[in-house]
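Q: Residue-level listing of the chains:
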Amino acid sequence: AQSVTQLGSHVSVSEGALVLLRCNYSSSVPPYLFWYVQYPNQGLQLLLKYTSAATLVKGINGFEAEFKKSETSFHLTKPSAHMSDAAEYFCAVSHIGGFKTIFGAGTRLFVKA
Amino acid sequence: KAGVTQTPRYLIKTRGQQVTLSCSPISGHRSVSWYQQTPGQGLQFLFEYFSETQRNKGNFPGRFSGRQFSNSRSEMNVSTLELGDSALYLCASSSGMGDQGHNEQFFGPGTRLTVL
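Chains as they are written, first to last, in this note's numbering: chain A, 1 to 113; chain B, 1 to 116.
There may be inaccurate statements among the hints.
For lysine to any residue, the following SDA-like pairs were computed, each having C-alpha atoms within a straight-line distance of at most 25 Å [stated by the list, open to error]:
id	chain 1	residue 1	chain 2	residue 2
1	A	49	B	2
2	B	57	A	24
3	A	100	B	17
Stretch-level coverage of chain B by chain A, calculated; a stretch enters the list once three of its residues show a Cβ under 8 Å from a Cβ in chain A [what the hints assert, rightly or not]:
id	segment
4	10 to 21
5	50 to 61
6	108 to 116
Just so you know, these hints were derived from the structure itself, not from any lab. The C-beta atom is built at its ideal place from N, Cα and C for all residues, glycine as well.
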C-alpha cells in the first residue's frame, strides 16, 4: 500500500525567504513521486516528478525536490519565495505500472510581503 | 492544444437527486481519472478509465459510477446524493500509454457540486 504525509497544512513565509514544504511517503515498491500546485479555482498543475533517475529534481517556477530513500522523503524547496507562489501544494505517489495516484492532504503556502 | 474541460463548472442539487458530470480530455489522451476534493479528506481517487475500460477504482460506494466513451470523453454519475457528496470533482487526463505510473496528469478546473 502507498501513502503520502505532508507535514503542515499551512506554511507562511516572507517574500524572498526559503520555501520548504515537507512530504514523506510510504511505498512497498519503488515509488514515483510528484509535486502538484493548485491555484484558487483551478485544477492541479505538475511542478516536478521523480522517476528513479536523478535524486534532485528541478521543476518549473524555480522549485526543486530531493528524493531521499533513507528518510522516505521528497521535500519541495524554493530558494526565494514570490507572492505568486501562494497556492496549495500537493505531494503524490504512484509506482511502476500503477493506474492510481495517491495524493497527500495538501499544504497551503502563504507569502507575506 | 486545448486543455481538459469539465462541465458544468458549478452544480447545486438536493439530497436524493442524481447528477452527471462530464470531462473532455486533452486530444490524444486515452486515460481519464476522477478525484473528489474536500477540505477534510483532500484529494481522493475515484476511478480511472482507459479505452472505455475501468482499470482501477478507489474506495467509494456504488453510488459513484463512471464511464468512458470511444472518443475518450468521460462521465461520472452520483446517484442518491448525500450532503457529504458536496465537493470539487476533478478530472485528469494522461496519455495512458506505457508506464502509466509516471505519466503526468493534466487536470481540469473541476466541477463544484453543492448538495443541499
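Q: What's the verdict on residue 49 of chain A and residue 2 of chain B, does the C-alpha distance respect the 25 Å limit or exceed it?
A: It holds: about 23 Å lies between the C-alpha atoms, which stays within 25 Å.
Q: Establish whether the coverage given for the segment 108 to 116 of chain B by chain A is satisfied; the threshold is a Cβ-Cβ distance below 8 Å, and no fewer than three residues must meet it.
A: Three-residue rule met by the segment 108 to 116 of chain B, so holds; n is 3.
Q: Can you confirm whether the C-alpha distance between residue 100 of chain A and residue 17 of chain B stays at or below 25 Å?
A: Judged against 25 Å, a Cα distance of about 29 Å means the pair is violated.
Q: Taking 8 Å as the Cβ threshold, is the statement that the segment 10 to 21 of chain B is covered by chain A upheld or broken by the three-residue rule?
A: That given contact is violated, which follows from only 0 residues of the segment 10 to 21 of chain B lying within Cβ reach (below 8 Å) of chain A.
Q: Verify the coverage statement for the segment 50 to 61 of chain B against chain A, using a C-beta to C-beta distance below 8 Å and requiring 3 or more qualifying residues.
A: This one holds; 4 residues, not fewer than the three required, reach chain A with a Cβ under 8 Å.
Q: Given the hinted pair residue 57 of chain B and residue 24 of chain A, is their alpha-carbon gap at most 25 Å?
A: holds (24 Å)
Of the numbered hints given earlier, the model fails hints 3, 4; all others are met.
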